[in-house]
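Q: Protein chains in written order, with our numbering: chain A, 41 to 362; chain B, 4 to 346; chain C, 8 to 315.
Everything labelled a hint here was simulated from the structure, so no lab data went into it.
C-beta atoms are modelled at their ideal positions from N, C-alpha and C, and glycine is treated no differently.
Careful: at least some of the hints might be erroneous.
Stated by the list, open to error - 30 Å max Cα-Cα, derived DSSO-like pairs, lysine-lysine: (1) A:Lys68 <-> B:Lys91; (2) A:Lys43 <-> B:Lys22; (3) A:Lys43 <-> C:Lys35; (4) B:Lys22 <-> A:Lys172; (5) B:Lys22 <-> C:Lys156; (6) A:Lys172 <-> A:Lys273; (7) B:Lys203 <-> A:Lys258; (8) B:Lys22 <-> C:Lys35; (9) A:Lys258 <-> C:Lys35; (10) B:Lys66 <-> A:Lys273; (11) A:Lys258 <-> B:Lys130; (12) B:Lys22 <-> A:Lys258; (13) B:Lys91 <-> B:Lys66; (14) B:Lys66 <-> A:Lys172; (15) B:Lys77 <-> A:Lys172.
To be verified - The following label-pair restraints were derived from C-beta to C-beta distances: (16) A:Pro157 <-> C:Asn150: 46 to 54 Å; (17) C:Asp75 <-> B:Arg116: 40 to 48 Å; (18) B:Glu210 <-> A:Tyr165: 36 to 44 Å; (19) B:Leu283 <-> A:Asp254: 18 to 26 Å; (20) A:Thr345 <-> B:Asn148: 54 to 62 Å; (21) B:Leu283 <-> C:Asn150: 20 to 28 Å; (22) C:Tyr286 <-> A:Val355: 26 to 34 Å; (23) A:Phe141 <-> B:Asp64: 28 to 36 Å.
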Amino acid sequence: MWKFTLRRILIMIPQLFVLSVLIFFVAKAMPGDALSGAIEANPKVSAQVLEEQREKLGLNDPAWVQYGRWLGNLFQGDLGKSYVHKVGVTDLIGSRLANTFYLGVAILILTYVISIPLGILSGRYQNTLLDKTITGYTYLSFATPIFIFSLLVLFVFGFRLGWFPTSGSVDVGVQPGTWAYVVNKFYHLILPACAGALVSTTATIQYLRNEVIDTRLKDFVKTARSKGVPESKVYSRHILRNSLLPIAAFLGYDLTAVLAGNLFIESIFGYPGLGQLFLQSITQRDFSVVTALVMLSGLLALIGTLLSDLILSWVDPRIRMG
Amino acid sequence: MNTEPVLQIKDLTVSFRIKDEYYPAVDQLDLTINKNEVLAIVGESGCGKSALALSLTRLHDTKNTRIDGGLIFKGQDLNKLSPGQMNKIRGSEIGMIFQDPLTALNPLMTIGRQIEENLDYHTTLSKKEKTKRIYELLEHVNITNPERVYNQYPHELSGGMRQRVMIAIAIACRPSLIIADEPTTALDVTIQSQILDLLKQLQAETEAGIVLITHDLGVVAEMADRVVVMYAGEVVEVASVMDLFNNPMHPYTRSLLASMPGANAGQDQLHVIHGRVPSLQNIPRGSCRFSERIPWIPQTAHAQNPQLDEVSPGHWVRCSCYQHFHFEDEGKGLVMDGVAGAK
Amino acid sequence: MALLELNNLKVHYPIRGGFFQRVVDHVKAVDGVSIQIEPGTTYGLVGESGCGKTTTGRAIIGLNKITDGTVTFEGQDLTRMAHKNQHPLRRDIQMIFQDPYSSLNGRKRVMDIIAEPLRNFEKLSPDEERRRVQNLLDRVGLNPEAAFKYPHEFSGGQRQRIGIARALTLNPKLIIADEPVSALDVSVQAQVLNFMKEIQKEFNLTYLFISHDLGIVRHMCDEIGIMYRGRLVEQGNTDDIYENPQHIYTKRLITAIPNIDPAQRQESARTRQQIMVSYQQDLKELMDAEGKPLALKTISPSHQVALP
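Use the sequences and the hints to build the structure in full.
A: Quick look at the structure:
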């Protein structure tokens, strides 16, 4: 197993290298740079100053020189400096990472807490009113774009009823380290987490429902019944475990996706996480931040694949990594 | 032979729902399975033999299946038991063996655990005693290294080993009835003969009744004491194994025997049964169901609403058409009758 | 001259292992099989699962990569030919698969299934194509209207006929039939086997008949090869194999066939027991250091056995 893991990690190195080249040059190929837009349009800034700035920042060097510099810094843990926020990208991401992590974990837990029981019930009681209600819900949430759904939630529970805050991750003036701070943080989390989870349950419920329906007809379930295993145990021991296998395969991706941030939810709920930062950085052409974030999600995706394989080989004895 | 009945099937009808209507796949079947007897149920796909096998322990999906009639087992009617009472009997009094041992075992559970599950529900043994019993059972089905197999998963075993494990599960609580649904169809021929030998050996020890469901007449000849031939949901012939092979009567039985390669050695063409097996919705009910497969036999030869008649002690045949039956090409001297006699 | 000749055919699959996934060993699925099939005859390749019989069949038609050895068809070595040059000969070798349910594409009409090989090799007008297909359907005993239906509308036996019609499309000389009837009921099986014999006579076809069912092989084949662990242990005509088997494995296979005479039950059980005992005693001596069967030795003009 460790051999397999180590080999996979080694294979990641060239993959990440290719990714870095792609990201860097695609970012470069986009029109404009950090000094375009707002700064360029400012009449107080002369073209000469701009040019000096570009020279100073190395933006006029050949692309491969810039790439080399960027990669060198990357190895030293220096992701460059945000042109917009005027702070190091590492710090910028770091401060957002915690928020994204909280939101991601909350969404993940909610998703599984909701979808696993619903998926199983729906599959077990196929074609009953219960199943039809659950399937109806999944169709509805599938058909509703996430931003419309989120806006609706925000409007109703945030603005109309005023039950929850409508933006931010914590109120201004709450002292970090106090219990009130934790509660406040959590309070801000509820609405975006629910909105995110309700939409992301769709796939899991449907998948699990189909798995349960398929597994229910398998021969080994018949064998279990022929041994006199009560129906509830037939489900919990035989059908459930086998139905959850494909879900386990996605868990690795889900775990790493927690850190990648959620573009829509964070933007709509004004939640200061990585997803929101990513969208802002693109609109502001903050390349150092964009490239860093894309690199990060690329790395996470690779780790996610590895994690998924490891989880699968752990839960399924038929898969053994050699 | 001891003819103490283990299971009496009385007027059993198993119907499947197709678009809100129920169609009997097994039609008004009466049958008795005796202690220490191998009763083979033979027929081709769609004849109802597997539906019958599953209905004996009521393993059908209750939503789309209806089971009517009596299943008298040790003085009680299984068809009247609650699901909980039925679970007490499944696995302890009645053991089942299925066709494909790979799919019939849970891929995520160790072999030991899968046998143990049976003991969990029907015995009060301690964990240690159960483990000991499982080792014994594995040895009993001729698995030489039970300690190792105990911790293995199904995919780590060969097909023959897996079927041995299935048998160990079936006999774990010493059932008085074993239902084996095509137990060797998925196995190689050398493994098949070993598994059949094992079943015979186990029966000699336990005196259990065995219902052997198969499409393979060779397996029947090797294993059965009595044979039930099914066609389109009905029993068409019941006979001792000797009678069935030496003196087959029903046109279907005779046709089936004639279509086996090797039945008429040296012959170029095998016997082909005219037409095809009717689907569940299209079974001609109320008349001789085989009549459309032997169109050269005049309609007058068939009985209306044909019943099973006892033509000699223990030999039952449905419909009167057997008295007038001949093969279509018989005059040409191509088809000989009575397989065993032909050899 | 033999129509098909396999000479020391080997199909090995690499097993990779270790940190760098280097090839550490080989699975020798087929390890030196030599067979000659005369035109118009049926050669039965028999053995249990995993013996390499299916791999051999697939290697001939190019579905498995050949590691070593030659496949000579009408005097030309198929293994030495570049892929394109093989085409004209490929027309002459067709395959029938085991499962008539999964080997036909369910989303294609019978017309398209049967015409597919035609479209690969010949350019016909739609009209000509339709006539050819309906002619073929007629030959396999199906209604010409069947061309416009989908596979699921047919029974197992009919589907296998469609599979045969597809194999016949290009007027092949050799048909490799891999367990063509093992998914079918006894009576349907009889239908398909009869039909295969009929068209063999009609078109002077040659069959390589791959099967685990010794009863069917006896009925169908002129020559038989018994495979075990990737090699032949015995080869001969039907009488040699069934009446005078020499290798203990062949004997074991034959005695394992259920006897359809219940009166001989005890006797055949006893024979089986005896054979099993000598199988366990003798097998080691009949295998080489690798645990594989020895080379074949000729014991009569038609009969070869892998004995020391």
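Q: Take the hints in turn and mark each one as holding or not.
A: Now the hints, each set against the structure:
1. A:Lys68 <-> B:Lys91: Violated, at about 72 Å.
2. A:Lys43 <-> B:Lys22: violated (55 Å)
3. A:Lys43 <-> C:Lys35: holds (27 Å)
4. B:Lys22 <-> A:Lys172: The given pair, whose Cα atoms are some 19 Å apart, holds under the 30 Å limit.
5. B:Lys22 <-> C:Lys156: holds (24 Å)
6. A:Lys172 <-> A:Lys273: Measuring from Cα to Cα gives roughly 24 Å; hence the hint holds.
7. B:Lys203 <-> A:Lys258: holds (28 Å)
8. B:Lys22 <-> C:Lys35: Violated, because 52 Å separates the two Cα atoms, which is more than 30 Å.
9. A:Lys258 <-> C:Lys35: Outside the cut-off at roughly 34 Å; violated.
10. B:Lys66 <-> A:Lys273: Judged against 30 Å, a Cα distance of about 20 Å means the pair holds.
11. A:Lys258 <-> B:Lys130: holds (29 Å)
12. B:Lys22 <-> A:Lys258: Cα-Cα ~23 Å, so holds.
13. B:Lys91 <-> B:Lys66: Holds. Lys91 (chain B) to Lys66 (chain B) sits at ~22 Å (cutoff 30 Å).
14. B:Lys66 <-> A:Lys172: This hinted pair holds, its Cα atoms lying about 17 Å apart.
15. B:Lys77 <-> A:Lys172: violated (43 Å)
16. A:Pro157 <-> C:Asn150: 46 to 54 Å: About 53 Å separates the Cβ atoms of Pro157 (chain A) and Asn150 (chain C), which means 46 to 54 Å holds.
17. C:Asp75 <-> B:Arg116: 40 to 48 Å: Once the Cβ atoms are compared, 45 Å apart, the range 40 to 48 Å for Arg116 (chain B) and Asp75 (chain C) holds.
18. B:Glu210 <-> A:Tyr165: 36 to 44 Å: holds (43 Å)
19. B:Leu283 <-> A:Asp254: 18 to 26 Å: The hinted range 18 to 26 Å holds for Leu283 (chain B) and Asp254 (chain A), with Cβ atoms some 23 Å apart.
20. A:Thr345 <-> B:Asn148: 54 to 62 Å: violated (38 Å)
21. B:Leu283 <-> C:Asn150: 20 to 28 Å: holds (24 Å)
22. C:Tyr286 <-> A:Val355: 26 to 34 Å: Roughly 41 Å apart at Cβ, these two residues miss the hinted range, so it is violated.
23. A:Phe141 <-> B:Asp64: 28 to 36 Å: Check failed, 46 Å falls outside 28 to 36 Å.
Checked against the numbered hints given earlier, this structure breaks hints 1, 2, 8, 9, 15, 20, 22 and 23; the rest are met.
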